[in-house]
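For reference, the chains in residue letters:
2 protein chains.
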Amino acid sequence: MDRLKRLFSKKNKAKAPREHSSRSFANVWWSVPQSDDTKVCVVMVGLPARGKSLIAGKALRYLAWVGIPARIFNVGTYRRQDTPQPNATFFDPRNPEGERMRRAAAEAAVSDMLRWFKQEDGIVAILDATNSTQDRRRWIHERCLAAGVETLFVESICDDEELIMNNILEVKTTSPDYKGQDPEVAAQDFRNRIRNYEMAYETIGGSEKSYTYVKLINVSSTVIINQIKDYLSSRLVYYIQNLHIKPRSIWLSRHGESEFNLTGKIGGDSMLSERGQAYSRALPGLLKKSGVPPNTKIVIWTSTLRRTIQTAKPLEQETGFEKLEWKALDELDSGVCDGLTYEEIAKMYPDDFIARDEDKYNYRYRGGESYRDVVIRLEPIIMELERSENVIIVTHQAVLRCIYSYFLNVPQEKSPWMEVPLHTLIKLTPRAYGTEEQRFKADIPAVSTWRAKGTSAKHQEFPTGATAAH
Amino acid sequence: MDRLKRLFSKKNKAKAPREHSSRSFANVWWSVPQSDDTKVCVVMVGLPARGKSLIAGKALRYLAWVGIPARIFNVGTYRRQDTPQPNATFFDPRNPEGERMRRAAAEAAVSDMLRWFKQEDGIVAILDATNSTQDRRRWIHERCLAAGVETLFVESICDDEELIMNNILEVKTTSPDYKGQDPEVAAQDFRNRIRNYEMAYETIGGSEKSYTYVKLINVSSTVIINQIKDYLSSRLVYYIQNLHIKPRSIWLSRHGESEFNLTGKIGGDSMLSERGQAYSRALPGLLKKSGVPPNTKIVIWTSTLRRTIQTAKPLEQETGFEKLEWKALDELDSGVCDGLTYEEIAKMYPDDFIARDEDKYNYRYRGGESYRDVVIRLEPIIMELERSENVIIVTHQAVLRCIYSYFLNVPQEKSPWMEVPLHTLIKLTPRAYGTEEQRFKADIPAVSTWRAKGTSAKHQEFPTGATAAH
Numbered sequence: 017m018d019r020l021k022r023l024f025s026k027k028n029k030a031k032a033p034r035e036h037s038s039r040s041f042a043n044v045w046w047s048v049p050q051s052d053d054t055k056v057c058v059v060m061v062g063l064p065a066r067g068k069s070l071i072a073g074k075a076l077r078y079l080a081w082v083g084i085p086a087r088i089f090n091v092g093t094y095r096r097q098d099t100p101q102p103n104a105t106f107f108d109p110r111n112p113e114g115e116r117m118r119r120a121a122a123e124a125a126v127s128d129m130l131r132w133f134k135q136e137d138g139i140v141a142i143l144d145a146t147n148s149t150q151d152r153r154r155w156i157h158e159r160c161l162a163a164g165v166e167t168l169f170v171e172s173i174c175d176d177e178e179l180i181m182n183n184i185l186e187v188k189t190t191s192p193d194y195k196g197q198d199p200e201v202a203a204q205d206f207r208n209r210i211r212n213y214e215m216a217y218e219t220i221g222g223s224e225k226s227y228t229y230v231k232l233i234n235v236s237s238t239v240i241i242n243q244i245k246d247y248l249s250s251r252l253v254y255y256i257q258n259l260h261i262k263p264r265s266i267w268l269s270r271h272g273e274s275e276f277n278l279t280g281k282i283g284g285d286s287m288l289s290e291r292g293q294a295y296s297r298a299l300p301g302l303l304k305k306s307g308v309p310p311n312t313k314i315v316i317w318t319s320t321l322r323r324t325i326q327t328a329k330p331l332e333q334e335t336g337f338e339k340l341e342w343k344a345l346d347e348l349d350s351g352v353c354d355g356l357t358y359e360e361i362a363k364m365y366p367d368d369f370i371a372r373d374e375d376k377y378n379y380r381y382r383g384g385e386s387y388r389d390v391v392i393r394l395e396p397i398i399m400e401l402e403r404s405e406n407v408i409i410v411t412h413q414a415v416l417r418c419i420y421s422y423f424l425n426v427p428q429e430k431s432p433w434m435e436v437p438l439h440t441l442i443k444l445t446p447r448a449y450g451t452e453e454q455r456f457k458a459d460i461p462a463v464s465t466w467r468a469k470g471t472s473a474k475h476q477e478f479p480t481g482a483t484a485a486h
Numbered sequence: 017m018d019r020l021k022r023l024f025s026k027k028n029k030a031k032a033p034r035e036h037s038s039r040s041f042a043n044v045w046w047s048v049p050q051s052d053d054t055k056v057c058v059v060m061v062g063l064p065a066r067g068k069s070l071i072a073g074k075a076l077r078y079l080a081w082v083g084i085p086a087r088i089f090n091v092g093t094y095r096r097q098d099t100p101q102p103n104a105t106f107f108d109p110r111n112p113e114g115e116r117m118r119r120a121a122a123e124a125a126v127s128d129m130l131r132w133f134k135q136e137d138g139i140v141a142i143l144d145a146t147n148s149t150q151d152r153r154r155w156i157h158e159r160c161l162a163a164g165v166e167t168l169f170v171e172s173i174c175d176d177e178e179l180i181m182n183n184i185l186e187v188k189t190t191s192p193d194y195k196g197q198d199p200e201v202a203a204q205d206f207r208n209r210i211r212n213y214e215m216a217y218e219t220i221g222g223s224e225k226s227y228t229y230v231k232l233i234n235v236s237s238t239v240i241i242n243q244i245k246d247y248l249s250s251r252l253v254y255y256i257q258n259l260h261i262k263p264r265s266i267w268l269s270r271h272g273e274s275e276f277n278l279t280g281k282i283g284g285d286s287m288l289s290e291r292g293q294a295y296s297r298a299l300p301g302l303l304k305k306s307g308v309p310p311n312t313k314i315v316i317w318t319s320t321l322r323r324t325i326q327t328a329k330p331l332e333q334e335t336g337f338e339k340l341e342w343k344a345l346d347e348l349d350s351g352v353c354d355g356l357t358y359e360e361i362a363k364m365y366p367d368d369f370i371a372r373d374e375d376k377y378n379y380r381y382r383g384g385e386s387y388r389d390v391v392i393r394l395e396p397i398i399m400e401l402e403r404s405e406n407v408i409i410v411t412h413q414a415v416l417r418c419i420y421s422y423f424l425n426v427p428q429e430k431s432p433w434m435e436v437p438l439h440t441l442i443k444l445t446p447r448a449y450g451t452e453e454q455r456f457k458a459d460i461p462a463v464s465t466w467r468a469k470g471t472s473a474k475h476q477e478f479p480t481g482a483t484a485a486h
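Protein sequences, first through last, are from chains A and B.
Quick note: to get the numbering used here, add 16 to the position in the first sequence (first position is 1).
Quick note: to get the numbering used here, add 16 to the position in the second sequence (first position is 1).
Warning: the hint list may mix true and false statements.
If several chains are the same, the list does not tell them apart, and a pair holds so long as it fits within one copy or across any two.
Pairs of lysine-lysine, DSS-like flavour, derived with a Cα cap of 30 Å [stated by the list, open to error]: (1) K469 to K363; (2) K363 to K474; (3) K376 to K343; (4) K245 to K74.
Don't read these hints as lab results, they were simulated from the structure.
Construct the complete structure from the given sequences, taking the supplied hints into account.
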């Protein structure tokens with residue numbers, strides 16, 4: 017059976033049978049073979065507080081972004097059904113009752129996972145648990161092998177005490193295991209739990225030389241990759257090797273209001289308006305206000321267009337931060353419509369105007385780009401963002417929507433309609449269980465460049481009370 | 017100073033100052049930051065016959081493909097100026113005169129390299145030599161550090177005797193060190209040379225933990241990546257980790273003549289003509305005739321369009337080879353011109369027709385793609401091709417031109433005009449010093465789909481005597 021193809025056909029159902037209709041699907045269909053049957057179980061390996069859930073969550077989000085059906089099976093969730101708030105002795109390898117219950121939880125998770133592969137056409141499952149012994153890993157490998165599922169072991173090793181403490185702090189405040197408990201008691205118990213795991217922990221190696229695995233040592237400062245066989249695993253490994261678990265934030269801002277914004281023209285390479293210039297001068301203060309830990313180095317990324325470079329200039333000068341200009345951050349190319357207003361486009365290219373509103377994600381401006389095209393050229397940017405630590409990106413509306421959608425998991429059909437107002441700084445902070453978002457508005461008025469479906473109004477307000485797309 | 021930007025401006029000079037003119041440059045400008053000053057020296061490390069020159073040559077070709085100024089500095093070439101055909105004793109670590117001369121060759125190569133970085137705006141240099149001791153590597157690292165150049169050590173380790181023998185066979189027949197010598201004597205001397213190197217060889221490690229390096233162990237079955245710091249190195253490492261040095265071939269074929277080919281229509285999803293069907297039946301024999309070592313497994317790749325799937329069908333059925341369908345191999349999307357003939361396009365969209373001929377690589381069909389767009393979506397295909405062994409790709413004219421150009425180093429401006437006739441199988445075999453090409457024509461007539469600049473003729477012959485683009 018040909019799973020990817022079947023999925024593909026399902027998605028295709030609602031579409032008119034146009035020869036090129038198949039071109040309008042998720043990114044994945046460009047980069048994953050249609051007829052590939054490969055199913056992969058990503059098996060996380062590592063002591064508690066080594067960032068396993070963070071890596072699992074990111075991999076899931078990446079897979080969703082490229083359109084691959086994926087799911088996390090967290091053994092802790094299964095274990096909590098019987099033992100919601102165990103203390104450290106539960107995890108002592110010399111405690112047979114704890115051992116039995118943890119084994120039962122792993123069995124329930126793996127059974128559910130294999131059922132999901134079989135009955136729900138799953139492609140990638142992520143088994144999130146410590147999987148800390150060779151025995152446990154051999155058992156998972158054999159169960160998967162029997163079900164025709166490849167295994168990819170992802171081990172996170174870390175001996176940097178500061179990083180581990182950071183993760184402990186994160187876990188004790190977010191884990192359901194310690195909900196409602198005194199944070200200090202929770203932290204102490206969690207440290208004891210780690211010590212219990214350490215007693216039995218075996219790193220991947222020895223008899224496991226034939227397994228496909230990645231070892232991430234101290235937040236990917238060293239990466240060991242072993243026996244990659246299939247394409248899907250190679251793509252996943254490339255993504256995972258770029259990840260790190262150091263705490264950091266990513267700031268997103270559009271350029272300040274531009275001269276084209278004032279007249280409602282799209283595209284171009286205009287300079288900032290006076291209010292836009294005021295925003296560029298306010299940006300260093302806004303960044304500070306958003307919360308930057310002392311001695312934090314932030315790298316500034318802009319596009320190659322003048323309005324983003326101008327916006328970042330005062331920030332660059334005041335802070336001395338390094339700055340990179342990326343062509344891949346340039347605004348969506350609107351081709352023949354570059355320099356026109358929406359009103360002019362609606363008049364000069366009425367069919368195009370309607371077609372774009374009907375499927376904004378896939379519509380390509382004549383001689384220009386679609387949102388999908390932008391996402392494809394943004395992939396190296398996303399990889400580099402994952403590799404980087406603190407970054408502030410000053411870019412354009414459509415590009416910012418695509419980057420934002422990656423971090424906040426916004427579905428493709430909603431992403432082109434999202435409101436991303438001018439003169440607003442968005443701070444994203446990756447947490448163990450998702451990305452935290454804060455918005456900081458500069459007190460400098462700007463036109464609205466948001467446009468509702470079906471209208472060509474120049475400066476329309478995002479309806480108050482409307483929910484954001486995510 | 018801002019090297020990439022300066023280069024960028026140089027390239028820009030001849031262009032009219034149109035707002036989007038900068039969009040029409042090499043692929044690199046999308047994925048490399050414009051304002052990045054990073055310069056990288058890739059330092060090859062490994063015993064003779066470990067595929068170092070093969071890796072260096074491929075990395076150079078990849079860098080050219082993405083538009084990054086790069087050059088190989090081969091220490092052997094410098095050494096040959098004084099010692100053109102040394103025997104193994106020259107490489108004995110106990111031979112002080114040989115040691116002195118080899119050191120002098122390394123010094124000459126490194127000095128030339130640093131001069132190139134400084135005076136010719138080089139971005140990536142590849143230092144191709146054994147660099148087999150920690151002393152030698154520290155010396156290179158320090159020289160580079162002082163010149164503001166990052167080092168990326170790439171060590172190839174191999175203990176698979178068969179692979180080493182294959183490489184020895186290749187070297188003794190192609191290396192200038194053994195030109196004109198008895199192959200058996202050459203092979204024996206080369207084995208002795210390797211033994212001399214083995215005496216002094218030190219793998220990367222110990223005091224080198226802070227270096228940025230990749231270790232490729234037994235043709236990348238295990239890869240160790242250490243301390244990647246900059247973006248350029250991360251992209252290079254991703255490329256290099258996908259490489260292997262096993263002998264293999266890649267076969268390229270267009271689909272058989274299609275019904276659209278007969279009427280001169282472009283695009284679409286038509287079926288094969290009768291002659292096209294005959295080609296599909298002839299393909300298994302043609303592949304055999306091209307030379308396939310016994311017990312060779314070949315994977316068949318097609319696009320998702322019917323004419324390629326139909327072409328590969330008999331091959332799939334006769335051989336039982338695995339087959340993958342890739343959407344990324346679909347023909348260049350000709351947008352509104354899909355299903356038209358060149359004559360119709362010239363009539364209906366005369367400006368577009370002229371614009372395309374003027375800059376065929378960058379011209380985007382309305383609502384469709386340019387060659388540049390196709391190259392961007394082909395990048396994962398190129399990575400997977402490097403990872404794979406024997407592959408036969410059945411695809412389309414424009415896509416085949418792009419893939420072929422990667423392997424044979426065809427410049428962007430020539431690649432869209434290349435002749436790739438129907439009913440012809442191209443066999444590419446990577447060698448230590450380049451890619452070997454053979455073409456096998458099936459004895460089944462087909463229309464020509466090649467078109468000269470400025471014409472809209474339906475079936476025009478590639479002028480006899482004209483040289484191919486490469």
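>> Hint compliance check: list the failing hint numbers for this structure, sorted ascending.
In response: none
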